[in-house]
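**Q** Which chain is which? The protein sequence lines are A and B, in order. Taking our numbering, I'd label the letters of the first sequence as residues 1 to 357. Taking our numbering, I'd label the letters of the second sequence as residues 1 to 357.
It is possible that part of the hints are untrue.
[Claimed, not checked] One side of the interface only, derived from the structure: several residues of chain A facing chain B at Cβ under 7 angstroms: (1) Met60; (2) Gly199; (3) His203; (4) Gly204; (5) Glu207; (6) Leu211; (7) Glu234; (8) Thr236; (9) Ala237; (10) Arg245; (11) Thr247; (12) Met248; (13) His250; (14) Ala261.
Calculated from the structure, these hints are not laboratory results. Backbone N, C-alpha and C fix where the C-beta goes; we use that ideal spot for every residue, glycine too.
Here are the chains, one letter per residue:
2 protein chains.
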Amino acid sequence: MGGDFGPAVLVPGAAISLERHPELRFLFFGKQEFVAPELEKFPKLKAASDIVHCDVAVRMDDKPSQALRQGRWKSSMWKAIEAVKTGDADVCVSAGNTGALMAMSRFCLRTMADIERPAIAAIWPTLRGESIVLDVGATIGADAQQLVDFSVMGAAMARALIETRKPLVGLLNVGVEEIKGQEEVKEAGRLLRDADLPGIEYHGFVEGDDLGKGTVDVVVTEGFSGNIALKTAEGTARQIGEYLRATMSHTWMARLGYLFARGAFNRLRDKMDPRKVNGGVFLGLNGIVIKSHGGADGEGFAAALDMGHDMVRNQLLSKIERDIKQFHRRQGRASDFSREEETAQSPEKDETAKKTS
Amino acid sequence: MGGDFGPAVLVPGAAISLERHPELRFLFFGKQEFVAPELEKFPKLKAASDIVHCDVAVRMDDKPSQALRQGRWKSSMWKAIEAVKTGDADVCVSAGNTGALMAMSRFCLRTMADIERPAIAAIWPTLRGESIVLDVGATIGADAQQLVDFSVMGAAMARALIETRKPLVGLLNVGVEEIKGQEEVKEAGRLLRDADLPGIEYHGFVEGDDLGKGTVDVVVTEGFSGNIALKTAEGTARQIGEYLRATMSHTWMARLGYLFARGAFNRLRDKMDPRKVNGGVFLGLNGIVIKSHGGADGEGFAAALDMGHDMVRNQLLSKIERDIKQFHRRQGRASDFSREEETAQSPEKDETAKKTS
Numbered sequence: 001m002g003g004d005f006g007p008a009v010l011v012p013g014a015a016i017s018l019e020r021h022p023e024l025r026f027l028f029f030g031k032q033e034f035v036a037p038e039l040e041k042f043p044k045l046k047a048a049s050d051i052v053h054c055d056v057a058v059r060m061d062d063k064p065s066q067a068l069r070q071g072r073w074k075s076s077m078w079k080a081i082e083a084v085k086t087g088d089a090d091v092c093v094s095a096g097n098t099g100a101l102m103a104m105s106r107f108c109l110r111t112m113a114d115i116e117r118p119a120i121a122a123i124w125p126t127l128r129g130e131s132i133v134l135d136v137g138a139t140i141g142a143d144a145q146q147l148v149d150f151s152v153m154g155a156a157m158a159r160a161l162i163e164t165r166k167p168l169v170g171l172l173n174v175g176v177e178e179i180k181g182q183e184e185v186k187e188a189g190r191l192l193r194d195a196d197l198p199g200i201e202y203h204g205f206v207e208g209d210d211l212g213k214g215t216v217d218v219v220v221t222e223g224f225s226g227n228i229a230l231k232t233a234e235g236t237a238r239q240i241g242e243y244l245r246a247t248m249s250h251t252w253m254a255r256l257g258y259l260f261a262r263g264a265f266n267r268l269r270d271k272m273d274p275r276k277v278n279g280g281v282f283l284g285l286n287g288i289v290i291k292s293h294g295g296a297d298g299e300g301f302a303a304a305l306d307m308g309h310d311m312v313r314n315q316l317l318s319k320i321e322r323d324i325k326q327f328h329r330r331q332g333r334a335s336d337f338s339r340e341e342e343t344a345q346s347p348e349k350d351e352t353a354k355k356t357s
Numbered sequence: 001m002g003g004d005f006g007p008a009v010l011v012p013g014a015a016i017s018l019e020r021h022p023e024l025r026f027l028f029f030g031k032q033e034f035v036a037p038e039l040e041k042f043p044k045l046k047a048a049s050d051i052v053h054c055d056v057a058v059r060m061d062d063k064p065s066q067a068l069r070q071g072r073w074k075s076s077m078w079k080a081i082e083a084v085k086t087g088d089a090d091v092c093v094s095a096g097n098t099g100a101l102m103a104m105s106r107f108c109l110r111t112m113a114d115i116e117r118p119a120i121a122a123i124w125p126t127l128r129g130e131s132i133v134l135d136v137g138a139t140i141g142a143d144a145q146q147l148v149d150f151s152v153m154g155a156a157m158a159r160a161l162i163e164t165r166k167p168l169v170g171l172l173n174v175g176v177e178e179i180k181g182q183e184e185v186k187e188a189g190r191l192l193r194d195a196d197l198p199g200i201e202y203h204g205f206v207e208g209d210d211l212g213k214g215t216v217d218v219v220v221t222e223g224f225s226g227n228i229a230l231k232t233a234e235g236t237a238r239q240i241g242e243y244l245r246a247t248m249s250h251t252w253m254a255r256l257g258y259l260f261a262r263g264a265f266n267r268l269r270d271k272m273d274p275r276k277v278n279g280g281v282f283l284g285l286n287g288i289v290i291k292s293h294g295g296a297d298g299e300g301f302a303a304a305l306d307m308g309h310d311m312v313r314n315q316l317l318s319k320i321e322r323d324i325k326q327f328h329r330r331q332g333r334a335s336d337f338s339r340e341e342e343t344a345q346s347p348e349k350d351e352t353a354k355k356t357s
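Next up, chain A with everything else stripped away, as it sits in the complex:
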């Protein structure tokens, strides 16, 4: 029922994704009278789908707490998330209210063992291909431990989606050195370096302009700056698109040039098409939930479904679970070690501690 267009876009989107992955099966949670007529238009999809009728639908402008109070146990959003919990579904994809979806997902699925807070991961198009950026809005002001958890989860997602064996992970930071307030980021860097995990190549700090360059496979930051970065990039792309449009219709020479280069412009538009990378993935919960853009069209919603398919096929959840466990085991050992060092007060050890700190 979510998004700007509801079943009128979500059902055609599912039909597109089914073409690409014929093994998919769908559960549609929503009002029977809205969903059924749309499904009638796609016989193949209809054969692969069931409708679970729900009377209540969370509205796009409901506050998360309000949605949780009024829609828990019964809304289409809740029921869809619950299907992941019960195992009826492998993944839940929604174009609905982000805040409500996160609140309900946390309440219903709970965070994984050893994970304090969830993150939203986005796929970021870069000059080298694609990167994963997290958190883009779930955990404002994450601390060092949470940033490390995000790194581990993001790397697992990169291995599942981008198919690199040891993804390069960078922590987003500002270039100006010796400035107050990056303590969490510095501390997270130290933790990652010390843990030396087999599934992560820790690169160090990256800056805002490294996002588009694709300097690393996974960029980790807390939710406030991640959300600002994501929306700033979207805004800048739209801004340049506007400039380009205005420029190319300015003179008849430009318009003629545009006619010749139309194929090239179409390729550029494809490249910049946000539908191709639609979907924010909620990481750190006991189940996969994907948020599709509310304004996405069928092709965009299909991209979010495809991503869910990829992550299930690549067993993302069990990979994250294993990596997080491994990390906490190593970190436990490392902190036992440093406690030992602290208690043994020999001057040589103090010197060592200073050097590695």
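Given chain A, work out where chain B should sit, using these hints.
**A** Same frame as chain A, now just chain B:
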């Protein structure tokens, strides 16, 4: 002596700015043997300039603390800042090491009365013209009071540069509601609304994509997210530029189209030219210091000089001083008022307090 090219770019830049503003006078701080030969090439500029020889130059990779220790009292950077303090110069423009420039500026000029921490303001090209964005890297994790000070300073700068009488000010925030950690931003919003200053039209929260749209004249945020936003936008613009270049040389039709539309492309490049908006302004100090991009060319450095000229001509500093005083007076009254309310424990007043809080 700063920047990637030193006097070889800075001196020609000054010559360009002098053409536009013949009333300008320049003091060049640096090694006589490097600056003098460059000045020889521009007789008009030479006549309007003095060289202050300095043996020491801060290096681009010096750490701020190191630069301060080694370059205080004697480096060209310090001397240039000091000239603002003594009144020998109205404004200091440097293409050097940002961290060192900020550290020295704070040490030498000190923050203004009632201002706790400085901010770096950038000019942001938007679909509607230009906006001012601050802080882009001086104060990481600014609190509510500091965000309000930034708003007052940014608005004063907007009135000086963009020549709008009551600039629209927005606080950068994330769209997801009811999420932890935006307390400083919410509190800053409340303070701005309550103060109701004559020189500021407080708009409310804006998001990352509002930067490019030009939704407000002044966007205020703390230094971490501001720096990330600035560099993300620069990176995205470069990324799209790369796509465009690759696309337009892909086929002969595209290349032909490019030939016809070359004028249009040149206009677009001009529009996206970062040199046109070069210069980060240090606000909140007892003097104006402008940081030009280290990689800027003569035209870019001239843009930073022009900005300094505009700010001096429009008496930016005294405007900021007046506004900050006015704000603190109003805020003082407001907090006296709320203290009175708190002590007067009548139920009606409690109700009022609840409504306005």
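**Q** Confirm or reject each hint.
**A** How the hints compare with the structure:
no.: 1; hint: Met60; verdict: violated, 12 angstroms
no.: 2; hint: Gly199; verdict: violated, 26 angstroms
no.: 3; hint: His203; verdict: violated, 16 angstroms
no.: 4; hint: Gly204; verdict: violated, 16 angstroms
no.: 5; hint: Glu207; verdict: holds, 5 angstroms
no.: 6; hint: Leu211; verdict: holds, 6 angstroms
no.: 7; hint: Glu234; verdict: holds, 5 angstroms
no.: 8; hint: Thr236; verdict: holds, 4 angstroms
no.: 9; hint: Ala237; verdict: holds, 6 angstroms
no.: 10; hint: Arg245; verdict: violated, 10 angstroms
no.: 11; hint: Thr247; verdict: holds, 4 angstroms
no.: 12; hint: Met248; verdict: holds, 6 angstroms
no.: 13; hint: His250; verdict: holds, 6 angstroms
no.: 14; hint: Ala261; verdict: holds, 3 angstroms
Hint compliance for this structure: hints 1, 2, 3, 4, 10 are broken, all remaining hints hold.
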